[in-house]
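Protein chains in written order, with this note's numbering: chain A, 1 to 316; chain B, 1001 to 1290.
Because the hints were derived from the structure by calculation, they are not lab data.
From the three backbone atoms N, C-alpha and C, an ideal C-beta is built for every residue, glycine too.
Incorrect hints may appear among the rest.
[Unchecked claim] Quick list of simulated restraints, FRET-style, between CB atoms:
| id | chain 1 | residue 1 | chain 2 | residue 2 | range |
| --- | --- | --- | --- | --- | --- |
| 1 | B | R1154 | A | K152 | 35 to 41 Å |
| 2 | A | D303 | B | N1208 | 37 to 43 Å |
| 3 | A | N133 | B | R1147 | 14 to 20 Å |
| 4 | A | L74 | B | G1285 | 43 to 49 Å |
| 5 | B | E1222 | A | T204 | 14 to 20 Å |
| 6 | A | S205 | B | N1208 | 24 to 30 Å |
| 7 | A | S205 | B | K1205 | 31 to 37 Å |
| 8 | A | P294 | B | E1142 | 44 to 50 Å |
| 9 | B | R1245 | A | G153 | 37 to 43 Å |
| 10 | A | A297 | B | G1285 | 33 to 39 Å |
The primary structure of each chain is shown beneath.
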Amino acid sequence: MASTSRGDSLPKVQCPNHPDAILVEDYRAGDMICPECGLVVGDRVIDVGSEWRTFTNEKATNDPSRVGDAQNPLLNGGDLSTMISKGTGAASFDEFGNSKYQNRRTMSSADRAMLNAFKEITTMSDRINLPRNIIDRTNNLFKQVYEQKSLKGRSNDAIASACLYIACRQEGVPRTFKEICAVSRISKKEIGRCFKLILKALETSVDLITTGDFMSRFCSNLGLPKQVQIAATYIARKAVELDLVPGRSPISVAAAAIYMASQASAEKKTQKEIGDIAGVADVTIRQSYRLIYPRAADLFPPDFKFDTPVDKLPQL
Amino acid sequence: MEQNNSLTPFPQGLASPPGAMTPVMPIFSPTMRYNTGLTPQPVQNTNSLSLLEEQQRQQQQQQQQQQATPQLYHSQVSTTTALPGNTPVHTTPLTPMTPITPATPASESSGILPQLQNIVSTVNLGCKLDLKTIALRARNAEYNPKRFAAVIMRIREPRTTALIFSSGKMVCTGAKSEVQSRLAARKYARVVQKLGFPAKFLDFKIQNMVGSCDVKFPIRLEGLVLTHQQFSSYEPELFPGLIYRMIKPRIVLLIFVSGKVVLTGAKVRAEIYEAFENIYPILKGFRKTT
Chain A
1 MASTSRGDSL PKVQCPNHPD AILVEDYRAG DMICPECGLV VGDRVIDVGS EWRTFTNEKA
61 TNDPSRVGDA QNPLLNGGDL STMISKGTGA ASFDEFGNSK YQNRRTMSSA DRAMLNAFKE
121 ITTMSDRINL PRNIIDRTNN LFKQVYEQKS LKGRSNDAIA SACLYIACRQ EGVPRTFKEI
181 CAVSRISKKE IGRCFKLILK ALETSVDLIT TGDFMSRFCS NLGLPKQVQI AATYIARKAV
241 ELDLVPGRSP ISVAAAAIYM ASQASAEKKT QKEIGDIAGV ADVTIRQSYR LIYPRAADLF
301 PPDFKFDTPV DKLPQL
Chain B
1001 MEQNNSLTPF PQGLASPPGA MTPVMPIFSP TMRYNTGLTP QPVQNTNSLS LLEEQQRQQQ
1061 QQQQQQQATP QLYHSQVSTT TALPGNTPVH TTPLTPMTPI TPATPASESS GILPQLQNIV
1121 STVNLGCKLD LKTIALRARN AEYNPKRFAA VIMRIREPRT TALIFSSGKM VCTGAKSEVQ
1181 SRLAARKYAR VVQKLGFPAK FLDFKIQNMV GSCDVKFPIR LEGLVLTHQQ FSSYEPELFP
1241 GLIYRMIKPR IVLLIFVSGK VVLTGAKVRA EIYEAFENIY PILKGFRKTT
């Protein structure tokens, strides 16, 4: 637990022998100790540790050391209001059996929608195991969009889904729209619309997606070994460099590259399986595969070990 | 009255208002009151000028047009300036006006003209209509009030579709030129009139024009979106083309990898042409080299 920082007005305590040494605070004992010689320079420092101690064996449901919810006040606009909780004893009920002090709902009506959205964002992110930094970034984006009020008419869930998509893109780990659709109740069309509106409202832009962004996720979902993943990444990158697939979505090119790499290795996957994972139709994979097939020999990395040689690759 | 050169193809009455950024494209249209170059009649001539002065004024306008036309193909910072002091005092025989192709503009013109594909226009027939009788008695009309609250009528020549609402307002879509759109709207109004409604033809206005063309070379959309981030939106997951929102003129362009370009959002034909001339040098810069 961080202790309070010393203000400038207070005289700085120093070790008399080592004036340059930075003192170490031992807040349990209330001391400030010089790390060079171990001299206790200042004592009777106010203990900011918890008053109560809870042991892991105890099954107490209430934790006396917590005096407030550990939410981040930055996002909520400083929630310092007091809530009256449900009563515990018999005295909290009046003659009809209703509880006295019913008024615990109106805590922050303005932020209620925002808190709801944060909960929804967390739920969506948990479904696809997104790390905390993406969730925080999504929350921040949502807060900015919500405060701007330019997208007020849109459903909050749609804005939250679009913020999640933008956050993944901004962190360098883009998720496809279909992947976001899978964890959200909003349609791809609506998420796409909100995405464009949010970019305009926040006046930001995002980088273009590349084939390599999705390789690790798709390949590990398919259970392909690392060598195949490396080969597929190389194939997709080469295909885009040689401009064999102009105008094709990078997802489709990535799926076709995975198909080619897996068919050349021992772990062969069907187009349907890859289509299920990547969210592309298998005819789309077929189309992109037809475009890269003629140059297949040039697309493989030089050190690739072929289980099926290039001329025996399936021709669709 | 000295006749202007009878070879002039434009109506002389057309003039862009001084300071206009887009000179008016003179288009022959049967709906224009004062057409043909044979008898130059000024459209907005309120003062009683002498014939000589009228001629001078029209030459001035023509000179403005001639000077304006090369500027049409300049980059964005073109202005058409009225030059009142430069007109000759005496009438000079007019050079035959060529159609608006610049002689030697500062930047090369593309030489490609976008083709208009669709014009959407609205007109007010000026009376309340009973859609049910229209739908029952007119040919080629469909009316499904549960689905949409208007009669959808189609005619074959010009091939257009009209949405006719019970308030008397009508939307006409599908025409390939402004003249055809107006003609089609008049035909629909006549159909409605023949069915017994006192239809008028008020406030005909073209709301949207769509044009398309081909630059004949493939384009690197990724490069374009990097440099023109504040105008472009390229999301291959959502749409295969790049959506370029030009500020001046206010036109949306859909640019595809193949080199095809669709321009929409224009109210007048000149905006489409101007937008294409603005985008063409940019696209040339992002030509695919392989």
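Going through the hints against the structure:
no.	hint	verdict
1	B/R1154 - A/K152: 35 to 41 Å	40 Å, holds
2	A/D303 - B/N1208: 37 to 43 Å	57 Å, violated
3	A/N133 - B/R1147: 14 to 20 Å	48 Å, violated
4	A/L74 - B/G1285: 43 to 49 Å	44 Å, holds
5	B/E1222 - A/T204: 14 to 20 Å	18 Å, holds
6	A/S205 - B/N1208: 24 to 30 Å	28 Å, holds
7	A/S205 - B/K1205: 31 to 37 Å	36 Å, holds
8	A/P294 - B/E1142: 44 to 50 Å	49 Å, holds
9	B/R1245 - A/G153: 37 to 43 Å	21 Å, violated
10	A/A297 - B/G1285: 33 to 39 Å	34 Å, holds
In this structure, the hints that do not hold are numbers 2, 3 and 9, in rising order.
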